[in-house]
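According to the numbering used here, the stretch in the sequence shown is residues 1 to 183, in order.
If you're looking for bench data, these hints aren't it; they were derived computationally from the structure. A few of these clues could be false.
As the list claims (entries may be wrong) - Simulated DEER-style distance windows between Cβ atoms:
{"#": "1", "residue 1": "Leu74", "residue 2": "Ala45", "range": "31 to 41 Å"}
{"#": "2", "residue 1": "Asn183", "residue 2": "Leu59", "range": "47 to 57 Å"}
{"#": "3", "residue 1": "Gly126", "residue 2": "Val149", "range": "17 to 27 Å"}
{"#": "4", "residue 1": "Phe129", "residue 2": "Leu152", "range": "20 to 30 Å"}
{"#": "5", "residue 1": "Phe22", "residue 2": "Thr170", "range": "54 to 64 Å"}
C-beta: ideal position from N, C-alpha, C; glycine also.
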Amino acid sequence: MNRSQGIALAVAIANVLLIGLFPPIDQYSVASTSIPIFSGFHFFATKPPLSIVNTPLLLIAMVVVLVNLAIAWLLLGTRPGKSSRRMSLQNAALIFTGLNLVMMLLFPPMESVFALTRAAIPTFEGFYFVFSKKPAHVIVETLLYIEVVFILVNGALLWLIFRERRPPTTAEMALVARDLRHN
Numbered sequence: 001m002n003r004s005q006g007i008a009l010a011v012a013i014a015n016v017l018l019i020g021l022f023p024p025i026d027q028y029s030v031a032s033t034s035i036p037i038f039s040g041f042h043f044f045a046t047k048p049p050l051s052i053v054n055t056p057l058l059l060i061a062m063v064v065v066l067v068n069l070a071i072a073w074l075l076l077g078t079r080p081g082k083s084s085r086r087m088s089l090q091n092a093a094l095i096f097t098g099l100n101l102v103m104m105l106l107f108p109p110m111e112s113v114f115a116l117t118r119a120a121i122p123t124f125e126g127f128y129f130v131f132s133k134k135p136a137h138v139i140v141e142t143l144l145y146i147e148v149v150f151i152l153v154n155g156a157l158l159w160l161i162f163r164e165r166r167p168p169t170t171a172e173m174a175l176v177a178r179d180l181r182h183n
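Model the full assembly from the supplied sequences, consistent with the hints where possible.
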C-alpha cells in the first residue's frame with residue numbers, strides 16, 4: 001500500500017463512519033403507519049419519533065463507498081515500469097464508473113407515496129436531489145439496486161474492453177503453433 005492508497009482508505013473509512021453516524025431515515029406518518037416516507041439523514045442517536053433506518057439505502061451507500069475505494073485503489077496503485085501516458089482508457093472507465101455511482105446516489109429515483117403500488121418494479125416520478133427531497137416522496141430502492149448493478153456491470157465491461165494489449169511473445173506464438181499442428 002502506497003501513500004495515496006492509504007489516504008483513499010482513510011477517506012473511505014471516514015465516509016463509512018459518517019454514513020453510519022447519519023443513516024438514511026424513513027418516518028411513518030401519523031395518518032398512515034403502513035408506508036414509511038424518506039425523512040432524510042439524521043444522527044443515529046436522535047432519530048425522530050415513528051422512524052426507522054432505511055437499511056436498503058444504507059447498504060447501497062456503503063457499497064458505493066467501498067466500490068469507489070476499490071476504484072481508487074486500482075487507480076492509485078504503483079505500476080511497474082514507465083508508462084507513456086498517465087491517463088489510460090481503463091483509468092477513465094474507472095473514474096466514469098465512480099462518478100456515475102456518486103451521481104446515482106445524489107439523484108435517486110423517487111416516487112410519491114400516493115402512487116405506491118405492490119408491483120415488483122414500482123413506478124417513479126423522477127430523479128430528485130437527495131438533500132432537497134420533495135414532501136411525501138420515497139426512494140424507490142428496487143430501481144436504485146438495478147441502477148447500481150447496471151453501472152457496475154458497465155464499468156467492469158469498459159475496464160475489460162480498454163485493457164492494454166501487448167503483442168504475444170515468441171514463446172506464446174510457438175505454443176499456439178504447436179497446438180494448431182496437433183489438432
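We went through each hint and held it up to the structure:
1. Leu74 to Ala45: 31 to 41 Å: 36 Å, holds
2. Asn183 to Leu59: 47 to 57 Å: 49 Å, holds
3. Gly126 to Val149: 17 to 27 Å: 21 Å, holds
4. Phe129 to Leu152: 20 to 30 Å: 23 Å, holds
5. Phe22 to Thr170: 54 to 64 Å: Roughly 59 Å apart at Cβ, these two residues keep to the hinted range, so it holds.
In summary, this structure violates none of the numbered hints.
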